[in-house]
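Enquirer: Okay, here's what each chain looks like letter by letter:
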Amino acid sequence: MISRRRLLKTSAATGLALSVSSIAMPAIAKGSKIKLGYVSPQSGPLAAFAEADKFIIDGFMSSSSGKEFEVIVKDSQSNPNRAAEVAKELIVDDEIDMMLVASTPETTNPVATTCEAEEIPCLSTVAPWQPYFIGQQGNPGDPGSWAPFDYSYHFFWGLEDVISVFTNMWGQLDTNKSVGGLFPNDGDGNAWGDPNVGFPPVLDKLGYKLTDPGRYQNLTDDFTAQINAFKASNVEILTGVPIPPDFTTFWTQMKQQGFTPKCASIGKAILFPVAVEALGDAGHNLSSEVWWSPSHPFASSLNGQSAGDLASGYSATTGRQWTQPIGFVHALFEVAANVMGRVSDAGDGDAVAEAIGATRMDTIVGPLAWDGAGLPPFAAKNVAKTPLVGGQWRLKDGGGYDLVIVDNQTAPNIPTGGKMEPIS
Amino acid sequence: MIWVDTIIQGVLLGGLYALFAAGLSLVFGIMRLVNLAHGDLIVFSAYMILLLVSLLNLDPFLATAIAAPLMFALGWGLQKLVLNRTLGDDILPPLLVTFGLSIVVQNALLEGFSADSRRLSAGALETSSLSLGGVNIGLMPLLTFLSAVLVIFVLNRLFYRTALGRAFRATSDDPVTASLMGIKPASVFATATGIAMIVVTIAALYLGMRANFDPTIGPARLIYAFEAVIIGGLGSLWGTLLGGVIIGVAQTVGAAINPEWQILAGHVAFLVVLVLRPRGLLPRAVD
Numbered sequence: 130m131i132s133r134r135r136l137l138k139t140s141a142a143t144g145l146a147l148s149v150s151s152i153a154m155p156a157i158a159k160g161s162k163i164k165l166g167y168v169s170p171q172s173g174p175l176a177a178f179a180e181a182d183k184f185i186i187d188g189f190m191s192s193s194s195g196k197e198f199e200v201i202v203k204d205s206q207s208n209p210n211r212a213a214e215v216a217k218e219l220i221v222d223d224e225i226d227m228m229l230v231a232s233t234p235e236t237t238n239p240v241a242t243t244c245e246a247e248e249i250p251c252l253s254t255v256a257p258w259q260p261y262f263i264g265q266q267g268n269p270g271d272p273g274s275w276a277p278f279d280y281s282y283h284f285f286w287g288l289e290d291v292i293s294v295f296t297n298m299w300g301q302l303d304t305n306k307s308v309g310g311l312f313p314n315d316g317d318g319n320a321w322g323d324p325n326v327g328f329p330p331v332l333d334k335l336g337y338k339l340t341d342p343g344r345y346q347n348l349t350d351d352f353t354a355q356i357n358a359f360k361a362s363n364v365e366i367l368t369g370v371p372i373p374p375d376f377t378t379f380w381t382q383m384k385q386q387g388f389t390p391k392c393a394s395i396g397k398a399i400l401f402p403v404a405v406e407a408l409g410d411a412g413h414n415l416s417s418e419v420w421w422s423p424s425h426p427f428a429s430s431l432n433g434q435s436a437g438d439l440a441s442g443y444s445a446t447t448g449r450q451w452t453q454p455i456g457f458v459h460a461l462f463e464v465a466a467n468v469m470g471r472v473s474d475a476g477d478g479d480a481v482a483e484a485i486g487a488t489r490m491d492t493i494v495g496p497l498a499w500d501g502a503g504l505p506p507f508a509a510k511n512v513a514k515t516p517l518v519g520g521q522w523r524l525k526d527g528g529g530y531d532l533v534i535v536d537n538q539t540a541p542n543i544p545t546g547g548k549m550e551p552i553s
Numbered sequence: 005m006i007w008v009d010t011i012i013q014g015v016l017l018g019g020l021y022a023l024f025a026a027g028l029s030l031v032f033g034i035m036r037l038v039n040l041a042h043g044d045l046i047v048f049s050a051y052m053i054l055l056l057v058s059l060l061n062l063d064p065f066l067a068t069a070i071a072a073p074l075m076f077a078l079g080w081g082l083q084k085l086v087l088n089r090t091l092g093d094d095i096l097p098p099l100l101v102t103f104g105l106s107i108v109v110q111n112a113l114l115e116g117f118s119a120d121s122r123r124l125s126a127g128a129l130e131t132s133s134l135s136l137g138g139v140n141i142g143l144m145p146l147l148t149f150l151s152a153v154l155v156i157f158v159l160n161r162l163f164y165r166t167a168l169g170r171a172f173r174a175t176s177d178d179p180v181t182a183s184l185m186g187i188k189p190a191s192v193f194a195t196a197t198g199i200a201m202i203v204v205t206i207a208a209l210y211l212g213m214r215a216n217f218d219p220t221i222g223p224a225r226l227i228y229a230f231e232a233v234i235i236g237g238l239g240s241l242w243g244t245l246l247g248g249v250i251i252g253v254a255q256t257v258g259a260a261i262n263p264e265w266q267i268l269a270g271h272v273a274f275l276v277v278l279v280l281r282p283r284g285l286l287p288r289a290v291d
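If you read the sequences in order, they're chains A and B.
Numbering-wise, the first sequence is residues 130 to 553 according to the working numbering.
Numbering-wise, the second sequence is residues 5 to 291 according to the working numbering.
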């Protein structure tokens, strides 16, 4: 018989035993596997970002350095609160040595903040560096108060890169330089449309005229107001960062209204091939920023695979078209393996964090170095930038779309597959 | 001209909202059941149509005709086996059960269809439009609006001109007395939910052709449906159409002033109606 009293007694005793063994752990931990925690949005609205996770992690575990690691995967359910909660579980219950986190500020920020507080080294990617860095500051409005992090490191591109990629693409076409902006009232939309750090000041300098009707709410069902405003100022270039369903609504309604711009460079909404396919044939020659593609001339440091091999491996295993997050999630594990190869004690958070900061390596997303290149001084310690180019979705014979790189002025080492074409 | 265009687009948008709301209005009007899973059931039907379209290579309209009886059966079973057990004096159990259903449906769809955003393809119909004196009216929104009117008209005929409709109204007014007259409220409720699911399928067709859908998009549509029902007055189907149109026009007019006000304007219109006419514009009965 287990009485309540006895249950309490035994559980107290086992609890004690557990805590004794965990205190004794680090001494005997050497030679055992290094524990990596990985958080990504595997379910919910952001789940498309994490589609390739299993493929990438299986690949990592079967590589020679992967054998030294144990990867514990947690789902953020596309919810920032949940992300922070699972990060805490990974740190407290699973006692991980290092945290990896990917995909959108809604996932990277709560996890990085939790790691910073718990003094666990954290590496993140797939979120432009401004929302990552500034979004975690106590007072985002006051640049003077921004402080670097001790344990959180990040690699990706920034808003300034999208702006130059887009304007370079537009420069290839002969237009009237009238730009229409479709900026929603969310983190991305407000940053892109920001009069100080967003598109407006750069467009002004380059002689473009921006028509920005204002911030609309996500999941809007009607875009009459925007279409009328764009028509009135004879817009030939469209840009913005809408979510996929809104862009489909807008694009369809715009076509119904007999209005088609010469060029549409859209962030976020047309990141994934399925979202472009949802537009039917109307997605031909839409342009977008390209962070990674099979034609990027980079190779994995884990197994020597080229970008093209990784993408075709993914398609062969899953039967799905490659997507851009694949390369970056792979690179997360590349950096983790590289960093752990340079520290003597994986459990020493300070040493691991220092080793991340000292990383200089070539990965499948390009060379990575936390040396502050191309960054303002406040973000130099924690952020490493990766190259960004511009691409257009081209309709394939027999259905589906291919992403073709059409502008590489920002990263000439990445080959282009064609020239910018106007939308007909 | 821009104002005419704005209002016409708003009215057409209202048709979509009225379609979302009609099924809800029917269920709410007859059994006072607030179905929080309504939006998710619309998305569920959209996936069912998508499945038929991709498996059997059908036209979306034809696929809807096949999906509708399936959804009727599903709604009938759902009401008979699950929701009828929750109905009673307490309004909380149906709310909790449909809330749970909403989560179950979302996650089951996510498991089955992944998080990809999908769309029902209608070919050239998607982008074609009628040009009427400087105002372009998209064929798809026009078709949505006409379908909403037709759905409401048919439901109204059913409600006021058939024996089934009499049973619906009687059960709605007083289930105890109605059962004395030989009506089984449980079966009437099941049939009503089945019919509501047919309307849901039609709404799903237009939702799926208008824009992308993914498993989590349902709840966002529920709020407009609720507001349309309340603005129109409980139990009034033409009121629901009117409610949808009011929200649609409020949104487009709000957006024409400033896109930030688009969604807000719809909600404000709802609150204004609620303040001036707490029972809605066309309430059916005093209860």
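What the hints contain is simulated information worked out from the structure, not anything from laboratory work.
Heads up, the beta-carbon is just placed ideally off N, CA and C, and yes, glycines get one too.
Certain hints may be false.
Here are some chain B residues the structure puts well away from chain A; computed CB gaps all over 12 Å [said to hold, decoys possible]:
id, residue
1, Val38
2, Lys84
3, Pro97
4, Lys188
Covered by chain A, according to a simulated footprint, are these stretches of chain B (three or more residues, beta-carbon under 8 Å) [said to hold, decoys possible]:
id, stretch
5, 43–51
6, 158–164
7, 253–266
Enquirer: Confirm or reject the coverage of the stretch 158–164 of chain B by chain A under the rule of 3 or more residues with a beta carbon closer than 8 Å to the chain's beta carbons.
Expert: Coverage by chain A is violated for the stretch 158–164 of chain B (0 residues, Cβ < 8 Å).
Enquirer: Taking the shortest Cβ-to-Cβ distance between Pro97 of chain B and chain A, state whether it exceeds 12 Å.
Expert: 26 Å, holds
Enquirer: Quick check for students: does the CB of Lys188 of chain B sit more than 12 Å from each CB in chain A?
Expert: 40 Å, holds
Enquirer: Examine each Cβ of chain A, and state whether all of them lie more than 12 Å from the Cβ of Lys84 of chain B.
Expert: Non-interface label stands for Lys84 of chain B: nearest chain A Cβ at 31 Å, farther than 12 Å.
Enquirer: Confirm or reject: Val38 of chain B is not an interface residue toward chain A, with every Cβ-Cβ distance exceeding 12 Å.
Expert: 22 Å, holds
Enquirer: Checking C-beta pairs, does the stretch 253–266 of chain B have three or more residues closer than 8 Å to chain A?
Expert: Coverage by chain A holds here, the residue count being 8 at a Cβ distance below 8 Å.
Enquirer: Three residues or more, CB to CB closer than 8 Å: is that satisfied between the stretch 43–51 of chain B and chain A?
Expert: Violated - the stretch 43–51 of chain B has 0 residues with a Cβ nearer than 8 Å to chain A, which falls short of three.
The structure shown violates the earlier hints numbered 5, 6.
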